[in-house]
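S.K.: Okay, here's what each chain looks like letter by letter:
Protein chains: 2
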Amino acid sequence: MMFEFELIHQSKKSKARVGRIHTPNGSFMTPAFVAVGTNGTLKSVDHVQISDLNLPLVFANTYHLLLHPGPEVVQKAGGLHQFSGRKGPIITDSGGFQVFSLAYGSVADEIKGKGRKKHGNSVLKINEEGVIFRSYRDGSAVHLTPESTVNVQKKLGADIIIPLDELPPYHMGERALVKALERTHRWEKRSLDTHLANPKNQAMYAVCHGGLSKELREKSARYLDSLPFNGFGIGGSLGKNTEDLCRVLDYTVGFLSPDRPRHLLGIGDTPSIDATVSYGIDTFDSSYPTKAARHAVALTANGPVRLRQTAHRESFVPIEKGCPCYTCKHYTRSWLHHLFKAHEASAHTLTTIHNLSYMMRHMNTIQQHILEDRI
Amino acid sequence: MMFEFELIHQSKKSKARVGRIHTPNGSFMTPAFVAVGTNGTLKSVDHVQISDLNLPLVFANTYHLLLHPGPEVVQKAGGLHQFSGRKGPIITDSGGFQVFSLAYGSVADEIKGKGRKKHGNSVLKINEEGVIFRSYRDGSAVHLTPESTVNVQKKLGADIIIPLDELPPYHMGERALVKALERTHRWEKRSLDTHLANPKNQAMYAVCHGGLSKELREKSARYLDSLPFNGFGIGGSLGKNTEDLCRVLDYTVGFLSPDRPRHLLGIGDTPSIDATVSYGIDTFDSSYPTKAARHAVALTANGPVRLRQTAHRESFVPIEKGCPCYTCKHYTRSWLHHLFKAHEASAHTLTTIHNLSYMMRHMNTIQQHILEDRI
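Line by line, the protein sequences give chains A and B.
For the first sequence, our numbering gives the first residue as 37, with consecutive numbering after it.
For the second sequence, our numbering gives the first residue as 37, with consecutive numbering after it.
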C-alpha cells in the first residue's frame with residue numbers, strides 16, 4: 037500500500053481531528069505519538085520485544101545512521117525495517133537538525149531544551165549547496181545536501197522521509213531569518229525533486245519554518261502547501277514555551293491543506309500534546325517517555341511515579357493499576373525500585389515498556405475525545 | 037515437592053553422571069549450568085523475558101540482597117521468586133564469599149581471577165562468632181554469622197541455601213589452613229542446625245573446603261558427608277588453573293556420597309565445565325556467559341564471536357546458525373554489531389539471551405554424551 041492520509045473525523049469544537057495514516061509497512065490512527073529510535077532502535081528495548089505495543093511510527097535519525105553503520109550497510113541489510121526488526125512504519129529526518137545543532141550549539145539547545153553538546157563546533161561549511169561537517173566517529177568530512185539526504189534516506193528505506201532544511205538560531209534577526217527561510221524553501225524543493233525522481237514507495241513531509249513570525253509562518257506554509265509533499269512537519273524555531281508553540285501552530289496550520297497530515301517535530305511530552313492537539317496536529321515525536329524511563333520516571337494518568345524514591349521500596353503493586361503492559365503485568369514498583377537502586381539495566385527496559393504503553397493509551401484517549409467532539 | 041536428587045545414569049567411562057534435581061519450584065536435568073543473578077535478576081534481562089530458556093537454576097547473592105533491598109523487603113514481597121518474577125529454582129549463597137573477598141582482597145581476586153575491588157577493606161572483625169563488615173551502601177556495621185546467614189536466606193526463600201564458610205586466602209600456611217577449615221566446619225554445622233530447626237521446604241548444600249591439600253580435602257569431604265546436608269558445594273581455594281581444579285575435585289568427590297548433588301562454586305565457563313564434568317560435578321555457576329555478552333562476546337559451538345569486530349559489519353546472518361534462541365531468530369550479527377558500536381543497551385540484552393541459550397544447548401550435549409558413556 038502506498039502512503040495515504042484518511043481523515044476520519046474533524047472535531048466540531050477545534051481543529052483537532054482523527055485520521056488514519058497508511059504506509060507500505062502498516063497503518064495507524066492519529067493523533068499518534070511517535071517514539072524516537074535514534075540509531076534505528078528505541079533505547080533499552082528491541083523492536084520484536086515491544087511489537088505488542090503496536091507503536092504507530094518510529095522516528096530514526098539520519099545523522100546517526102549516516103555515521104554508523106552507514107546507509108550502504110542498511111541498504112544491503114534490506115533497509116531499516118529488515119535491519120532493525122521493526123515491522124511497522126518508520127520515519128527518518130534529514131540529518132539537518134543534528135548538524136545545525138552542532139553549528140548553532142547553545143541556540144539549538146535553547147530551542148529544544150537540551151543540555152550542552154559534547155562534540156564542539158564540527159560544522160566546516162554551510163552554503164547554498166548544503167553543509168559539510170566533521171564525523172565524530174572518524175573525523176572525516178561529510179557532505180549533507182538536499183540531494184544527498186534524500187539519497188541516504190532512500191537507502192535507509194523509511195516509509196516517510198524529510199527534506200533538508202536549515203535550522204535558524206532562535207535569536208536570528210528578521211532579515212537573516214527571511215534569507216534562511218528562502219534557502220530552506222530552495223533546499224526542500226531540491227529534496228522533493230530528488231525524491232520524486234525515484235519515489236520508491238516512500239512519502240515525503242515538508243518542514244514548515246518561519247520562526248515566531250506570523251508573516252513568515254504564513255509564507256512558509258503557503259509555499260510548501262503548493263508543492264506535492266505528502267504531509268507537513270512543523271519545525272524551525274517553535275519558541276521557548278507552550279504559549280509560543282501554540283502561536284506558531286496558529287500561524288501555520290490554517291494554511292496547510294487539511295487532506296495531508298501534520299507532524300510536530302521533536303515535541304511529544306503529554307502536556308505539549310494536550311495543549312496542541314486542538315490545533316490539528318496528527319503526529320508528535322519525542323524521546324521524552326523513553327528518556328524519562330531511564331531516569332526512573334514512570335508515566336501514569338495520575339502523574340509521574342519516581343521509582344527511585346524510598347516510598348516504593350515496599351510498594352508491591354504495579355506501576356499503574358489496570359495498565360495492560362508487560363511490566364505492569366509481571367513486576368511491582370518495589371522490584372523496579374530495587375532494580376534501579378542496584379543499577380540493573382532491566383530497570384530501564386521495563387520502565388521504557390510501561391512508558392510507551394502509557395503513551396499509546398494516552399493517545400487512544402485523545403482520539404476518543406476528538407471523536408466525541410470534546411476536544 | 038521437596039528437594040530430591042535423582043540419579044539417572046552413571047557413566048561407565050568416568051565419574052560423570054546424569055541426574056535430575058527436584059525442588060519446590062521445579063525440576064531440572066544435570067549436569068546443569070547455573071546462571072548468576074547477583075541482585076536477584078540476571079544482568080540485562082528480566083526473568084519473564086527469558087522464561088522460554090528454562091534456566092535450570094539461578095544463583096543469587098545474599099551479600100547483595102542483604103544490603104539492598106534487605107531480606108525483610110524480599111520476605112514481604114513473598115520471597116525471591118515472587119519478588120523477581122523467577123518461576124524456576126533459585127540458589128542463594130551465604131554472603132561469606134563477598135565478605136571474605138573484601139577482607140582478603142587481592143588473594144580472593146587471585147583465586148577467582150577478578151579485578152581489584154572498589155570497596156577497600158571494609159571488614160571490621162572476624163572471630164568465632166562470625167564476621168562484621170561495613171555496608172558499602174550506608175556505612176552501617178553488618179553482622180554475618182552462621183545463624184544470621186540462614187535467617188536471611190530463610191527470608192529470601194531460595195530453594196537451595198548455603199551455610200557460612202570462611203574463604204581462606206590462597207597462600208595461607210598449612211597450620212592456619214587447618215584452623216580455618218575447623219572453624220568453617222563448626223560454622224557450617226551451626227548453619228545446618230539453624231536450618232534444620234526450620235527447614236521451610238529449603239535444601240542446604242555444604243561447602244567442601246581444604247584448599248589444595250589432599251589430606252584436608254578428604255577430611256572436609258568426609259566430615260561434611262557425615263552431616264545431613266542435601267548436597268555439596270565445592271568451594272574454598274580451587275587453585276590457579278584447570279590442573280589444580282581437577283586435582284581438588286579428585287581429592288574431594290570420592291568421599292561424597294553419590295546420592296547427593298555436587299555443585300562447583302563460581303566456575304562455569306565451558307572449558308572448565310568440559311574439563312571437570314567427568315569428576316562427577318552436577319551443577320556449575322558462573323557469570324561468564326552473561327558478562328561475556330556485555331563485552332560483545334557471543335558464545336558458539338565454533339568458539340566466541342566478537343561482535344564489535346568490523347568483520348561483522350555486513351554479516352547478515354544470526355550469531356549462530358541453527359540456534360533456536362530469540363536473538364538468532366530475529367536479529368543478525370550486523371544489527372548486533374551496530375547496536376554495540378552505537379552503545380545501545382539492547383545489544384547486551386540480545387547477546388545475553390543468546391549466550392544463555394548456548395549454555396543450555398552445551399549442557400544438553402554433555403548430558404547426552406554421558407548417557408551414551410562417551411564422557
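Please note that a few of the clues may not be correct.
Just so you know, same-sequence chains aren't split out, so a pair can sit in one copy or run between any two.
Straight line, CA to CA, 27 angstroms or less: simulated DSSO-like cross-link-like pairs of lysine-lysine [said to hold, decoys possible]:
1) K112 / K365
2) K377 / K191
3) K357 / K123
4) K365 / K191
None of these hints come from the bench; they were simulated from the model.
This one's a predicted model, so the numbers in the text were calculated from it and none came from an experiment.
S.K.: Now look at each hint and say whether the structure bears it out.
M.R.: Hint by hint, here is what the structure shows:
1. With identical chains, the CA atoms of K112 and K365 are at most 27 angstroms apart between copies only, with a shortest distance of 19 angstroms across copies and 39 angstroms within one.
2. Within a single copy, K377 and K191 get their C-alpha atoms only as close as 42 angstroms, which misses the 27 angstroms cut-off; across copies the closest is 20 angstroms, which meets it.
3. For the homomeric pair K357 and K123, the shortest alpha-carbon distance between copies (23 angstroms) is at most 27 angstroms, but the shortest distance inside one copy (29 angstroms) is not.
4. For the identical chains of this complex, K365 and K191 are inter-copy neighbours only, at 24 angstroms across copies versus 39 angstroms inside a copy, given an alpha-carbon limit of 27 angstroms.
Hint compliance for this structure: no hint is broken.
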